[in-house]
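Q: We have chain A already, so just place chain B on it with the hints.
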Amino acid sequence: QQQVKQSPQSLIVQKGGISIINCAYENTAFDYFPWYQQFPGKGPALLIAIRPDVSEKKEGRFTISFNKSAKQFSLHIMDSQPGDSATYFCAASIASGNEKLTFGTGTRLTIIP
Amino acid sequence: DGGITQSPKYLFRKEGQNVTLSCEQNLNHDAMYWYRQDPGQGLRLIYYSQIVNDFQKGDIAEGYSVSREKKESFPLTVTSAQKNPTAFYLCASRKIGEAGNTIYFGEGSWLTVV
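Taken in order, these protein sequences are the chains called A and B. Per the working numbering, the first sequence starts with residue 1, numbered consecutively. Per the working numbering, the second sequence starts with residue 1, numbered consecutively.
Source of the hints: derived by calculation from the structure; they are not laboratory data. Check before you lean on any hint, since a few could be wrong.
To be verified - In silico DSS-like pairs for lysine-lysine, Cα to Cα no more than 27 angstroms straight-line:
1) B:K57 - A:K42
2) A:K42 - B:K83
3) B:K14 - A:K42
4) B:K95 - B:K9
5) B:K70 - B:K95
6) A:K42 - A:K15
7) B:K83 - B:K57
8) B:K9 - A:K42
9) A:K42 - B:K71
Next up, chain A with everything else stripped away, as it sits in the complex:
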């Protein structure tokens, strides 16, 4: 049972453009939504995370938008750079418990010059 659906599977964006990756979840008990960035041959690293008490969180060029009623959240990368080319995973969990993270299937992002 896939509780977090991520799209698109792959994305090509021109340098300087906006990259947008979307995720939807089913479990309304989820209250912690992180995004991980993974470069080839490396382990994923936490990029940015959001709680449902806010609708948006921004860190530098990276922004998470959260829509609780629609059970959706998205990652926006502004002014995308070739160094942003990586695979991005969204995830969800219950922050206060000992629940494990549930990951989306990943989006391979390629930034072209």
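A: Below, chain B without anything else, positioned relative to chain A:
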């Protein structure tokens, strides 16, 4: 230098052999996890442990075994019963009770069956 250390980075196994992947963390994290990554399928949870001498099966535990004899160590054995073991294996850990639910990953181990 704190972090999660996985070894070996690359491992080749003959069919029918068991292999063990090492995972050590010096972050004083309570929980440890093993994930398997295949192209296009994201991260799938194999086993996890929240306390020493206790562990739970994840979504794809068949053909794998683990132990948690020490807080800092969580080795994964890929047994001959695992039908398609070639994959990228990721170990992760988390401090229970820390704000949020952030888990931290190691650099991964590539296992290839030849």
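Q: None of the hints should be skipped; say for each whether it holds.
A: Hint check results:
1. Annotation: proposed proximity of B:K57 to A:K42 holds, straight-line Cα distance about 24 angstroms (limit 27 angstroms).
2. Note on A:K42 and B:K83: the hinted pairing holds, with a Cα-Cα distance of about 25 angstroms set against a maximum of 27 angstroms.
3. As the CA atoms of B:K14 and A:K42 are separated by approximately 25 angstroms, the hinted pair is consistent with the 27 angstroms bound.
4. Straight-line distance between C-alpha atoms of B:K95 and B:K9 comes to about 25 angstroms, which keeps the hinted pair within the 27 angstroms bound.
5. Between B:K70 and B:K95 the CA atoms are separated by roughly 15 angstroms; this keeps the pair inside 27 angstroms, and the hint holds.
6. The straight-line distance between the Cα atoms of A:K42 and A:K15 is roughly 23 angstroms, inside the 27 angstroms bound, and the hint therefore holds.
7. A C-alpha spacing of about 17 angstroms is found between B:K83 and B:K57, which places the hinted pair at or below 27 angstroms, so the restraint holds.
8. About 10 angstroms separates the Cα atoms of B:K9 and A:K42, which keeps this hinted pair within 27 angstroms; it holds.
9. For the hint pairing A:K42 with B:K71, the CA-to-CA distance comes to about 24 angstroms; that is within 27 angstroms, so the pair holds.
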